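*Asks:* Working from the sequences, and respecting the hints, build out all of it.
So the protein sequences, as listed, match chains G and Z. One gets my numbering by counting positions in the first sequence from 1 and adding 8 to each. So that you can map any letter, position 161 of the second sequence is 156 in my numbering, and since no number is skipped, the others follow by simple counting.
Hint data in this document are derived by calculation from the structure and do not stem from the laboratory. Treat the hints with care, since some could be wrong.
[Claimed, not checked] Computed cross-link-like contacts, DMTMM-like style, restricted to lysine to aspartate or glutamate with a CA-CA straight-line distance of at most 20 Å: (1) Z:74 / Z:31; (2) Z:82 / G:27; (3) Z:74 / G:27; (4) Z:105 / G:99; (5) G:57 / G:36; (6) G:86 / G:121; (7) G:124 / G:36; (8) G:86 / G:99; (9) Z:105 / Z:10; (10) Z:66 / Z:39; (11) Z:82 / Z:144; (12) G:54 / G:71; (13) G:124 / Z:25; (14) Z:74 / G:71.
[As the list claims (entries may be wrong)] Stretch by stretch, here's where chain Z covers chain G in the computed footprint (C-beta under 8 Å, at least three residues): (15) 18 to 32; (16) 51 to 60.
Everything numeric in this text was worked out from a predicted model, so none of it was measured. The C-beta atom is built at its ideal place from N, Cα and C for all residues, glycine as well.
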Amino acid sequence: MPIRALIVDDSSVMRKIVERSLRQAGIDLSDVFQAGNGAEALGVLKDSKVDLILCDINMPVMDGLEFIKQLPSVENAKNVPVVMITTEGSESHVVQALSCGARGYIRKPFTPEQVKEHVVPVLAGKS
Amino acid sequence: MKSVSELLAANGSHENWIPLLDMAAREVFDLMLSCELTVPSILDDTTLDVTSMVGLAGQLCGVLSVRCSGKAAALMATKMLGVDLDKVGAEFSDALGEVCNMVAGNFKNKIAGLAEGCMLSPPTVITGSNYDLHLMADSPAIEVRLLFEGLPILISLQLHG
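*Replies:* As structure tokens, then:
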């Protein structure tokens, strides 16, 4: 079944790479929404429902960790799985992201196979 | 295991980090741009007029930069976006900024203890070559020169103290 995804990253190039990687990983996307930071993403979610959120951590205005902390307050976003995609590779960042509610963590640079490996179980509710 | 600060104090030149910087760059280009960086046989005097910089702060302080020509930056954008060269506009700077960010992140993740103790700034991209850069640094930069699709790129890490 096609899914609606929200990609949050301050780099427009990286948002396009993430979208392409999802498609290359065989994820069937019906709609792809984009946002340049956490605050923009919260705005998108007020008007749109999505099935999956892929989010960077280091972003201006509102970073990825603050964004996922605020997600439960958005009606459309309750229980939507979030997978972080970031250059920050430390164990503490992973633990912090997972404790904030993220369901997966992908380190940049990544391959479409790695995206598939992390996203498919999340979409299947196995993560 | 030695801490990052002990490692820094014991090794003034940091030349043993050159292979790590080289590997960090090669992995980024391999995974994200699907291309292999090669070693230049001669020093190319092509003007490197696009510079992306990422600041490092914490246990390791300094600036990591990736310099290349405008053509190379545009070519990176085509590889990252999957579009033709004539479709690339201002995205070339975003593409080079992301490359620099990923090289910096990948590099620090290769040094034990540094992933936790070193933060990265968002990338800054400068176009043009008519400028002087004055860093408050007291150790030399480590540099890696490679070829991307036959075009020279210069990756350097200038450490502070």
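*Asks:* Quickly compare the C-alpha distance for residue 57 (chain G) and residue 36 (chain G) to 20 Å and report which way the hint goes.
*Replies:* holds, 16 Å
*Asks:* Check whether the Cα positions of residue 54 (chain G) and residue 71 (chain G) lie no farther apart than 20 Å.
*Replies:* Since the Cα atoms of residue 54 (chain G) and residue 71 (chain G) sit roughly 18 Å apart, the hinted pair holds (cutoff 20 Å).
*Asks:* Next pair to validate is residue 74 (chain Z) with residue 27 (chain G); report whether the Cα-Cα distance is within 20 Å.
*Replies:* Within the cut-off at roughly 14 Å; holds.
*Asks:* Verify the coverage statement for the stretch 18 to 32 of chain G against chain Z, using a C-beta to C-beta distance below 8 Å and requiring 3 or more qualifying residues.
*Replies:* holds (count 8)
*Asks:* Holds or violated: are the alpha carbons of residue 82 (chain Z) and residue 27 (chain G) at most 20 Å from each other?
*Replies:* holds, 18 Å
*Asks:* Taken at face value, is the distance from the CA of residue 25 (chain Z) to the CA of residue 124 (chain G) at most 20 Å?
*Replies:* holds, 18 Å
*Asks:* Taking 20 Å as the top limit, are the C-alpha atoms of residue 105 (chain Z) and residue 99 (chain G) close enough?
*Replies:* holds, 13 Å
*Asks:* Checking C-beta pairs, does the stretch 51 to 60 of chain G have three or more residues closer than 8 Å to chain Z?
*Replies:* Since 0 is below three, the answer is violated.
*Asks:* Taking 20 Å as the top limit, are the C-alpha atoms of residue 74 (chain Z) and residue 31 (chain Z) close enough?
*Replies:* holds, 12 Å
*Asks:* Run the distance test for residue 86 (chain G) versus residue 99 (chain G): straight-line Cα separation, threshold 20 Å.
*Replies:* Outside the cut-off at roughly 26 Å; violated.
*Asks:* For residue 86 (chain G) and residue 121 (chain G), compute the direct alpha-carbon distance and say whether it is at most 20 Å.
*Replies:* Roughly 28 Å separates the two Cα atoms, so the pair is violated.
*Asks:* Within a Cα-Cα threshold of 20 Å, do residue 105 (chain Z) and residue 10 (chain Z) meet the stated pairing?
*Replies:* Holds, at roughly 15 Å.
In summary, the numbered hints that this structure violates are 6, 8, 14 and 16.
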